[in-house]
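Build the full structure now, drawing on both the sequences and the hints.
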Amino acid sequence: MTTDHAALGRPIGGPSALAGDVRRFAHLTVTLAIQEFKLRFFGSALGYVWQLMRPLMLFGVLYVLFAVIIKVGGSAKYFPVVLLLNVVIYTFFAEVTTASVRAVVDKENLVRKIRFPRLVIPCSVVLTGCFNLGLNLIVVLIFALIYGVPVRWEWLLAPPMVLLGAVLALGCAMLLSALFVRARDIAPIWEVLLQVAFYGSPILYPIEALNKYPIAQQIVACNPLAALLIEIRHVVIDPTAPDLYTVFGGVWWRVLIPITLGVATCVVGYWYFNREAPRIAENL
Amino acid sequence: MPSEPPHTGRPAVVVDGLGKTFAVPREHVMTIKERALHPLKRVRHDTFEALNGVSFEVEQGEFFGIVGRNGSGKSTLLKCLAGIYNADAGEMYVDGRMSTFIELGVGFNPDLAARDNVIMNAIMLGLTPKQARSLVDPVIEFAELEEFVDLKLKNYSSGMHVRLAFSVMLQAQADIMLIDEVLAVGDASFQQKCYDEFNRMRDEGRTILFVTHDMGSVTRFCHRALLLERGRIVTIGDPAEVASEYLELNFGRETGETTTKGDVDERPGDRSARIVEAWIEDDTGERVVTCMQGRTYAFKAVVEFLEDVDDPAFTWIFYRSDHLEMMVATTAWRTERSGHFANGQSAVVTVSFENVFGPGRYHPSVIVAHRGRGHDVIDRWDQIFSFMVAGPYAAGGAVDVAHQIDIDRAVTPPPSTSSLQRAS
Numbered sequence: 000m001t002t003d004h005a006a007l008g009r010p011i012g013g014p015s016a017l018a019g020d021v022r023r024f025a026h027l028t029v030t031l032a033i034q035e036f037k038l039r040f041f042g043s044a045l046g047y048v049w050q051l052m053r054p055l056m057l058f059g060v061l062y063v064l065f066a067v068i069i070k071v072g073g074s075a076k077y078f079p080v081v082l083l084l085n086v087v088i089y090t091f092f093a094e095v096t097t098a099s100v101r102a103v104v105d106k107e108n109l110v111r112k113i114r115f116p117r118l119v120i121p122c123s124v125v126l127t128g129c130f131n132l133g134l135n136l137i138v139v140l141i142f143a144l145i146y147g148v149p150v151r152w153e154w155l156l157a158p159p160m161v162l163l164g165a166v167l168a169l170g171c172a173m174l175l176s177a178l179f180v181r182a183r184d185i186a187p188i189w190e191v192l193l194q195v196a197f198y199g200s201p202i203l204y205p206i207e208a209l210n211k212y213p214i215a216q217q218i219v220a221c222n223p224l225a226a227l228l229i230e231i232r233h234v235v236i237d238p239t240a241p242d243l244y245t246v247f248g249g250v251w252w253r254v255l256i257p258i259t260l261g262v263a264t265c266v267v268g269y270w271y272f273n274r275e276a277p278r279i280a281e282n283l
Numbered sequence: 000m001p002s003e004p005p006h007t008g009r010p011a012v013v014v015d016g017l018g019k020t021f022a023v024p025r026e027h028v029m030t031i032k033e034r035a036l037h038p039l040k041r042v043r044h045d046t047f048e049a050l051n052g053v054s055f056e057v058e059q060g061e062f063f064g065i066v067g068r069n070g071s072g073k074s075t076l077l078k079c080l081a082g083i084y085n086a087d088a089g090e091m092y093v094d095g096r097m098s099t100f101i102e103l104g105v106g107f108n109p110d111l112a113a114r115d116n117v118i119m120n121a122i123m124l125g126l127t128p129k130q131a132r133s134l135v136d137p138v139i140e141f142a143e144l145e146e147f148v149d150l151k152l153k154n155y156s157s158g159m160h161v162r163l164a165f166s167v168m169l170q171a172q173a174d175i176m177l178i179d180e181v182l183a184v185g186d187a188s189f190q191q192k193c194y195d196e197f198n199r200m201r202d203e204g205r206t207i208l209f210v211t212h213d214m215g216s217v218t219r220f221c222h223r224a225l226l227l228e229r230g231r232i233v234t235i236g237d238p239a240e241v242a243s244e245y246l247e248l249n250f251g252r253e254t255g256e257t258t259t260k261g262d263v264d265e266r267p268g269d270r271s272a273r274i275v276e277a278w279i280e281d282d283t284g285e286r287v288v289t290c291m292q293g294r295t296y297a298f299k300a301v302v303e304f305l306e307d308v309d310d311p312a313f314t315w316i317f318y319r320s321d322h323l324e325m326m327v328a329t330t331a332w333r334t335e336r337s338g339h340f341a342n343g344q345s346a347v348v349t350v351s352f353e354n355v356f357g358p359g360r361y362h363p364s365v366i367v368a369h370r371g372r373g374h375d376v377i378d379r380w381d382q383i384f385s386f387m388v389a390g391p392y393a394a395g396g397a398v399d400v401a402h403q404i405d406i407d408r409a410v411t412p413p414p415s416t417s418s419l420q421r422a423s
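Residue numbers (numbering that gives the first Met the number 0), protein chains in the order written: chain A, 0 to 283; chain B, 0 to 423.
Note that these hints are calculated values from the structure, not bench results.
Don't take each hint at face value.
[What the hints assert, rightly or not] Calculated lysine-lysine pairs in the BS3-like style (CA-CA distance at most 30 Å, straight line):
#, chain 1, residue 1, chain 2, residue 2
1, B, K32, B, K129
2, B, K151, B, K129
3, B, K192, A, K37
4, B, K153, B, K192
5, B, K192, B, K151
6, A, K37, A, K211
7, B, K153, B, K129
8, B, K151, A, K76
9, A, K37, B, K151
[Said to hold, decoys possible] Listed next, with one range per pair, are the computed distances between beta-carbon atoms:
#, chain 1, residue 1, chain 2, residue 2, range
10, B, E196, A, V60, 39 to 49 Å
11, B, A35, A, L162, 30 to 40 Å
12, A, N108, B, A297, 22 to 32 Å
13, B, E140, A, V63, 51 to 61 Å
14, B, K153, A, V104, 14 to 24 Å
15, B, N154, A, L283, 49 to 59 Å
16, A, N108, B, A409, 49 to 59 Å
17, A, G133, B, A35, 37 to 47 Å
Computed from a predicted model, the values in this text were never measured in an experiment.
Heads up, the beta-carbon is just placed ideally off N, CA and C, and yes, glycines get one too.
What follows is the structure, encoded as structure tokens:
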């Protein structure tokens, strides 16, 4: 056959994580995310209210238990607001990553029937989560205003920081969804890890509650999610709360540990998903 | 017969040396626990060559059929073309916007209304959200589902579901379409509508690659067709030839011996001769069990004489599977004096004819009788074997005799005699 390949038209490649034009990628991601978002609230009487209720109920229980009865918050300023924000961000992270585990397998009918950039699937899961997160954050904002947290220009830093959390969630989502195709026991493993992350992050307690155990405190802060929560609290809600630099005892390179881990999760997640993408349809 | 495709410059689709191999693990290791318990156990793989060195070109505006038996690789070929599977070898090129229809209604969600599903489906097919939204009305209109546009898809009947999906496919307006056996669904009137649309698309000069089992639609629509078997191209070219080759592949598998083992004692007759075996030969002299329509076959039976017999009558009766007597070939009328056969002598009785039977299964009987009208039976073997008749045209009659149909438009019948003329 002829060797003049350019004259033969566009070559057909196999499926991949990111092939095709950016606009189609965006359209697909947004459409799938909106569809998923709609589906979640169709058919239930209270619809969207449930999405608000879940973190709020969890917050209510935790608030009564840890801020009123046990008082782990100690002298931490605006602890209820911090608690609510933590719960909302953790709920987002947990929901997105849990949903992403089965995402590719659940979208089997698409994966096996049509060509589209495979990365759309984890991206749309994260985007659906972001819709919920955005609405929940409005509740946090209202609560913060009612509680009397002073309004400061640093509040503008909150969205980019939350976005970092979404990127971290995307990194995990890519890794988990691709791994699940090969090994089905990722689902229970990830459930357990999320439990560990819940208690292993300063969600229920402020990080200074661990001041007596500096090693434990620093290990906790190595978790990228925990590091993000610490920084958001410091920057947005209470500048007197410890930041990462303080937590790591002023050793600046240790601050790089959670950052590196977070970046590594995203890089490895993308790398692995990209590697698996061409064969996902066959391995399902 | 389809008209010639409009020929322009470069081909719409080029496939060059395409190969695809699947690794089939012998034991499926799915969990980490299993892997942890048996760290040294290697997962052994059997490789399965789904496609091997497949090369072809499809011209612009061509209606191209891809046929093959189950597991021949045609769906894999389509999925490689669609970019769903990664090809292991070879190259493919496409010129124009291509849409894939491995299944109708990809991305349909039963909990969403028809409108949302149409948009979703169209976006999956590569349209922008704006294009997709403007598609909703024409799609709903074509599917005749205006009253149900806001109904959730789970409340649709399966026929409505298919209609909706099919009209998205038609309205998506791709230059090149890959279609996988979509006509297997829907009721007869919907299928007819599909056929009409196929005709229209062909006349519009769209390029269509069409995977099917239905040889009727191959010969009706395709300009060219390709026959796959075990991942390789067997034939590529004229649809009618490809269709008949496909049928031969499908039914001509069990060649060789056809005679069923029957107990001689249970057969009627006085045993002065016995039928030993019977078979079918095609025009090359090879034994077959499937007869293609329109070809000539020889039906042969060996008779061994156990006594001296004068002028026996030999008869073949061909029964359709519903016991309709299709044809009787006998020497009793034509060659009454068939001669003297001595004890121990054998004879081969051959009936050959051009096969005009309609597709289906047939059971011939072979009868040897004493001279006369054939009632004084020497040996009669009913259902000596069965054979299939296969043909690309399944119009429906019991026989398909070579014929010609003319339509003469110019004649206007006189009003008073019109009914008479229709009868004549």
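To see whether the hints hold, each was checked on the structure:
This hinted pair does not check out: K32/B and K129/B have alpha carbons roughly 48 Å apart, beyond 30 Å. Of the pairs offered as hints, the one joining K151/B and K129/B holds, with about 22 Å between alpha carbons and a cut-off of 30 Å not exceeded. With a C-alpha separation of about 34 Å, the suggested pair K192/B and K37/A falls outside the 30 Å cut-off, and the hint is violated. A hinted pair counts as satisfied when its Cα atoms are at most 30 Å apart, and K153/B with K192/B qualifies at roughly 24 Å.
With a C-alpha separation of about 25 Å, the suggested pair K192/B and K151/B falls inside the 30 Å cut-off, and the hint holds. A threshold of 30 Å between alpha carbons decides the hint, and for K37/A with K211/A the separation of about 47 Å lies outside it, so the pair is violated. Only pairs whose Cα atoms come within 30 Å are accepted, and K153/B paired with K129/B is accepted, the gap being roughly 26 Å. Using a Cα cut-off of 30 Å, the hinted pair K151/B and K76/A is violated, with the two alpha carbons roughly 50 Å apart.
For a cut-off of 30 Å, the pair hint linking K37/A to K151/B stands: about 13 Å separates their Cα positions. Checked against the given bound of 39 to 49 Å, the beta carbons of E196/B and V60/A, roughly 59 Å apart, lie outside it. Look at A35/B against L162/A: about 37 Å separates their beta carbons, and that is inside 30 to 40 Å. Between N108/A and A297/B the CB atoms are about 52 Å apart, so this pair departs from the stated range of 22 to 32 Å.
The hinted range of 51 to 61 Å is satisfied by E140/B and V63/A, whose Cβ atoms lie roughly 58 Å apart. For the pair K153/B and V104/A, the supplied restraint of 14 to 24 Å holds, since their beta-carbon distance comes to about 22 Å. Our hint of 49 to 59 Å for N154/B and L283/A is violated, since their Cβ atoms are close to 29 Å apart. Range check, N108/A to A409/B: about 55 Å between beta-carbon atoms, so the 49 to 59 Å window is met.
Evaluation of the 37 to 47 Å hint for G133/A and A35/B yields a pass: the beta carbon distance comes to about 41 Å.
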